[in-house]
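Protein chains: 2
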Amino acid sequence: MQQSYGRVTDQIIKELVEIVGKSNIVTDRDNMESYSHDESPHAGKHFPEVVVKPEDTISVAKILALASKNKVPVTPRGAGTGLSGGCIPVYGGILLSLERMNRIIEIDRENFTATVEPGVTLSEICSKVEEQGLYYPLYPGEMTATIGGNVATNAGGMNAVKYGVTRHNILGLEAVLPNGEVIKTGGGYVKSSTGYDLTQLIAGSEGTLAVITKIILKLTTKPVKREVLFAPFNSLQDAIDTVPEILRLKMTPTGIEFMERRIIEIVEKYLDREIPYPQYDAFLMIIMDGDSEDEIHEYFVNVEEICKQHGATEALVPGSERAKRRLLDAREKFYHAIKRYAPMELVDVVVPRSKIPGFVRRVKEISAEHGIPIVAYGHAGDGNVHLHPVCDNISKEEFDKRLPLVLGDIYRAGVSFGGAISGEHGIGIDKKPYLAIQIDAPLLAVMKKIKQSFDPDNILNPGKIFDL
Amino acid sequence: MQQSYGRVTDQIIKELVEIVGKSNIVTDRDNMESYSHDESPHAGKHFPEVVVKPEDTISVAKILALASKNKVPVTPRGAGTGLSGGCIPVYGGILLSLERMNRIIEIDRENFTATVEPGVTLSEICSKVEEQGLYYPLYPGEMTATIGGNVATNAGGMNAVKYGVTRHNILGLEAVLPNGEVIKTGGGYVKSSTGYDLTQLIAGSEGTLAVITKIILKLTTKPVKREVLFAPFNSLQDAIDTVPEILRLKMTPTGIEFMERRIIEIVEKYLDREIPYPQYDAFLMIIMDGDSEDEIHEYFVNVEEICKQHGATEALVPGSERAKRRLLDAREKFYHAIKRYAPMELVDVVVPRSKIPGFVRRVKEISAEHGIPIVAYGHAGDGNVHLHPVCDNISKEEFDKRLPLVLGDIYRAGVSFGGAISGEHGIGIDKKPYLAIQIDAPLLAVMKKIKQSFDPDNILNPGKIFDL
Chain A
9 MQQSYGRVTD QIIKELVEIV GKSNIVTDRD NMESYSHDES PHAGKHFPEV
59 VVKPEDTISV AKILALASKN KVPVTPRGAG TGLSGGCIPV YGGILLSLER
109 MNRIIEIDRE NFTATVEPGV TLSEICSKVE EQGLYYPLYP GEMTATIGGN
159 VATNAGGMNA VKYGVTRHNI LGLEAVLPNG EVIKTGGGYV KSSTGYDLTQ
209 LIAGSEGTLA VITKIILKLT TKPVKREVLF APFNSLQDAI DTVPEILRLK
259 MTPTGIEFME RRIIEIVEKY LDREIPYPQY DAFLMIIMDG DSEDEIHEYF
309 VNVEEICKQH GATEALVPGS ERAKRRLLDA REKFYHAIKR YAPMELVDVV
359 VPRSKIPGFV RRVKEISAEH GIPIVAYGHA GDGNVHLHPV CDNISKEEFD
409 KRLPLVLGDI YRAGVSFGGA ISGEHGIGID KKPYLAIQID APLLAVMKKI
459 KQSFDPDNIL NPGKIFDL
Chain B
9 MQQSYGRVTD QIIKELVEIV GKSNIVTDRD NMESYSHDES PHAGKHFPEV
59 VVKPEDTISV AKILALASKN KVPVTPRGAG TGLSGGCIPV YGGILLSLER
109 MNRIIEIDRE NFTATVEPGV TLSEICSKVE EQGLYYPLYP GEMTATIGGN
159 VATNAGGMNA VKYGVTRHNI LGLEAVLPNG EVIKTGGGYV KSSTGYDLTQ
209 LIAGSEGTLA VITKIILKLT TKPVKREVLF APFNSLQDAI DTVPEILRLK
259 MTPTGIEFME RRIIEIVEKY LDREIPYPQY DAFLMIIMDG DSEDEIHEYF
309 VNVEEICKQH GATEALVPGS ERAKRRLLDA REKFYHAIKR YAPMELVDVV
359 VPRSKIPGFV RRVKEISAEH GIPIVAYGHA GDGNVHLHPV CDNISKEEFD
409 KRLPLVLGDI YRAGVSFGGA ISGEHGIGID KKPYLAIQID APLLAVMKKI
459 KQSFDPDNIL NPGKIFDL
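From first to last, the protein sequence lines stand for chains A and B.
Take the first sequence: its letters are residues 9 to 476, numbered as in this note's numbering.
Take the second sequence: its letters are residues 9 to 476, numbered as in this note's numbering.
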């Protein structure tokens, strides 16, 4: 569909000023730079025509009604920490920043729920609910991200083995449709069989169906202790083979991470950290929450036993809080370390978790075929593999030329192993060219019809996930 | 929308015979009775024009393409154990029975998943996955139900506190669209951010969007022990007040059930069971899974302490397997007991769990206002309240006259407490007149547009959830 949009005229600016006030609008290009990109290494920059910062749902509704009337594209944005270009205003128009809708409306200590606005950061949610003796258990890795962005991309992270992903921890939404109508979905309860579950449809739709203006989060209680076990293996296959056995133990770990030697070396170099066991090729990090050190210790005795049956001659459980923090911190900084190491791309394919070794072996072949090194690590407990093709042996120009071929091969491999193109970052604009590898024509046609039923003029975050 | 459907002609029958074979078609009315109703007390009977029993996806696809071409309504059906009339062919047409699609295709011991056809019973799934050392943790209460029906209604049940509801335990689907196209959604992984989540949209859509032909279930490990604690309280408020405190303990119970005196009396009478503590008005039953009796015992010591702080002078943990089984069994038979007691209706409203006492108090007022006794029990841990208006004091005719007014008042009360009309049974045809109490015009309009985008001719399970 060739899209022809209305431009942001002086009259529209005037009406936007009436809605949000002059101080909450940015029209000069110099102050728009930070709204023109996200953290994706290859999505580039696109400037909006205007940045608008509403402070409540009614303002969002008015902005969308105005945009709808004038067929002006609207791109919703949280903190801009996304990794696939999902909040970049590729068609210009209105950049709808939710940064001022950053209130925690209610923390319900009886029902273990929090009602929040989309612009609250994950960091603030976690600290405020913990003050109330409750816990929001997800850790997608970037605490400055907003919860609205987390819901829009269905963010995942390290704790998914135990707690699932964002969609499993939201109970209801308030959202504004492209025409300016406000809908409320779900509520403060887990069970519901009352019509279609629009909470789950809007979650993960990357801002293409509606603008989320309130979120009801499901909370839990905070575990007393968190401990980590770090085990080295001779091969990734050996490491991954332990995972189903670990998951058959009676306690469910919070997360199981895997990493290969190469990422460890990069982290050691760029974060000035020394990580144990230099002679091994692959590693598991098992993160366990529990009530007491004793309980976790007993669990780790069993985990270590399983690891040793699969070739780990030793395993490390840091004795001090500081050593533990350093180990977890090193894992959390993988992405930052690799960003400093070299120009790179990032992949977040998910496969059934037993397929990780086969998939990573195929990725190594792809790496050799294209002459592009690919670093692998990720979430062994849920099959979510992070791959970084890195530019450390050829020119950036050559890298950028080969990259689409490498990515195409990686995504085809992921899908051939029964996986999905994006486990947690979303499609955005970066993965749009590859979507058809996984989503066949009938399924894509259904998604497009759903998009059209919400947004007949395609004004809401156009150009993301797929083109109409 | 005034609906005009094509009839099932001889030519259509001939083509259906070609698809599934003569022995898998029922055309004589005498053999159709069991396909004309479900377990709903008030949904009544509607006969289809033909019953068709395909054995594979390709046959389902051909049947739907044929129906689509001829604008004949198609009603998918599992075991017919539904409680809201969702599988009754109200417009006649083709009754698509999935009873022969009853294979367990794969149990994946590495990835803890099972791929099953929709016609497998819950009972068979549970026993087969347990043979493989795995566990499907939901217990919606009716083990002869098919998994396809469970997914279509997003069935809930007693174990939802720990394990969520059906939608939280499915990872992917194969489904046939009304036009006969086959789509595959999700896969053998928990994380995905690859386009709209159609698995979660089709789950709970009561067979109105697509016919489910395969389901990937998420499995877990089976707990070693299950124990029950039964505690009596002076009031429902006292009982419910303990729930958040119980949930703040470090272990998560499998389920927390509440019941009032009246249902206990009915169960005692109709199941010939004696249930302890005749002098109390309300009861909690806490169901706990764990690794060992010791672990659960320690947990129950804490639970009992909390109960006693809220007026329970004592608490019972059955000492023998037999006594425990009898207690759980009594709870499971509430619905059967009340069905034998008197003509009745059933309600499955869900409210935020702290609102249960206020909601039930309001229900008592409604009961008094209409002169219709209402029995209450349900899932205290997740806010899902079962109410039975019973006909034990007036004529059936008078009961049936007052019932819609009673139900309207109950649903309005549930929604006013922040709840939903159906927590686990679905809307079907029974609750359709009340849907607008919860789902306002903009939200309903979105649902209708989604329905139309899947099913432009409205041939798939028409007349369910809402009318177009």
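If you're looking for bench data, these hints aren't it; they were derived computationally from the structure.
Glycine included, C-beta positions come from ideal geometry on N, C-alpha and C.
It cannot be assumed that every hint is accurate.
Unchecked claim - DSS-like, lysine-lysine: derived pairs with alpha carbons at most 25 Å apart:
#1 A:Lys440 - B:Lys192
#2 B:Lys192 - B:Lys77
#3 A:Lys136 - A:Lys230
#4 A:Lys70 - A:Lys192
#5 B:Lys332 - B:Lys53
#6 B:Lys456 - A:Lys456
#7 A:Lys170 - B:Lys170
#8 B:Lys457 - A:Lys258
#9 B:Lys233 - A:Lys456
#10 A:Lys70 - B:Lys22
#11 A:Lys170 - B:Lys233
#12 B:Lys233 - A:Lys457
#13 B:Lys404 - A:Lys136
#14 B:Lys53 - A:Lys192
#15 A:Lys372 - A:Lys332
#16 A:Lys222 - B:Lys233
#17 B:Lys70 - B:Lys136
#18 B:Lys230 - A:Lys170
#19 A:Lys61 - A:Lys222
#20 A:Lys192 - B:Lys456
#21 A:Lys30 - A:Lys192
#22 B:Lys79 - A:Lys457
#23 B:Lys70 - B:Lys222
#24 B:Lys332 - A:Lys456
#25 A:Lys332 - B:Lys456
#26 A:Lys258 - B:Lys332
#27 B:Lys77 - A:Lys222
#28 A:Lys258 - A:Lys192
Claimed, not checked - Heads up, incomplete: computed chain A residues facing chain B, CB under 10 Å, no partners named:
#29 Val173
#30 Arg175
#31 Tyr204
#32 Glu214
#33 Val232
#34 Arg234
#35 Gln245
#36 Asp249
#37 Thr260
#38 Val309
#39 Pro381
#40 Ile473
Against the structure, the hints:
| no. | hint | verdict |
| --- | --- | --- |
| 1 | A:Lys440 - B:Lys192 | 19 Å, holds |
| 2 | B:Lys192 - B:Lys77 | 23 Å, holds |
| 3 | A:Lys136 - A:Lys230 | 13 Å, holds |
| 4 | A:Lys70 - A:Lys192 | 17 Å, holds |
| 5 | B:Lys332 - B:Lys53 | 39 Å, violated |
| 6 | B:Lys456 - A:Lys456 | 16 Å, holds |
| 7 | A:Lys170 - B:Lys170 | 12 Å, holds |
| 8 | B:Lys457 - A:Lys258 | 45 Å, violated |
| 9 | B:Lys233 - A:Lys456 | 48 Å, violated |
| 10 | A:Lys70 - B:Lys22 | 56 Å, violated |
| 11 | A:Lys170 - B:Lys233 | 20 Å, holds |
| 12 | B:Lys233 - A:Lys457 | 48 Å, violated |
| 13 | B:Lys404 - A:Lys136 | 54 Å, violated |
| 14 | B:Lys53 - A:Lys192 | 35 Å, violated |
| 15 | A:Lys372 - A:Lys332 | 31 Å, violated |
| 16 | A:Lys222 - B:Lys233 | 40 Å, violated |
| 17 | B:Lys70 - B:Lys136 | 31 Å, violated |
| 18 | B:Lys230 - A:Lys170 | 16 Å, holds |
| 19 | A:Lys61 - A:Lys222 | 16 Å, holds |
| 20 | A:Lys192 - B:Lys456 | 16 Å, holds |
| 21 | A:Lys30 - A:Lys192 | 29 Å, violated |
| 22 | B:Lys79 - A:Lys457 | 21 Å, holds |
| 23 | B:Lys70 - B:Lys222 | 16 Å, holds |
| 24 | B:Lys332 - A:Lys456 | 52 Å, violated |
| 25 | A:Lys332 - B:Lys456 | 52 Å, violated |
| 26 | A:Lys258 - B:Lys332 | 23 Å, holds |
| 27 | B:Lys77 - A:Lys222 | 43 Å, violated |
| 28 | A:Lys258 - A:Lys192 | 39 Å, violated |
| 29 | Val173 | 5 Å, holds |
| 30 | Arg175 | 7 Å, holds |
| 31 | Tyr204 | 5 Å, holds |
| 32 | Glu214 | 8 Å, holds |
| 33 | Val232 | 7 Å, holds |
| 34 | Arg234 | 13 Å, violated |
| 35 | Gln245 | 13 Å, violated |
| 36 | Asp249 | 9 Å, holds |
| 37 | Thr260 | 8 Å, holds |
| 38 | Val309 | 14 Å, violated |
| 39 | Pro381 | 25 Å, violated |
| 40 | Ile473 | 6 Å, holds |
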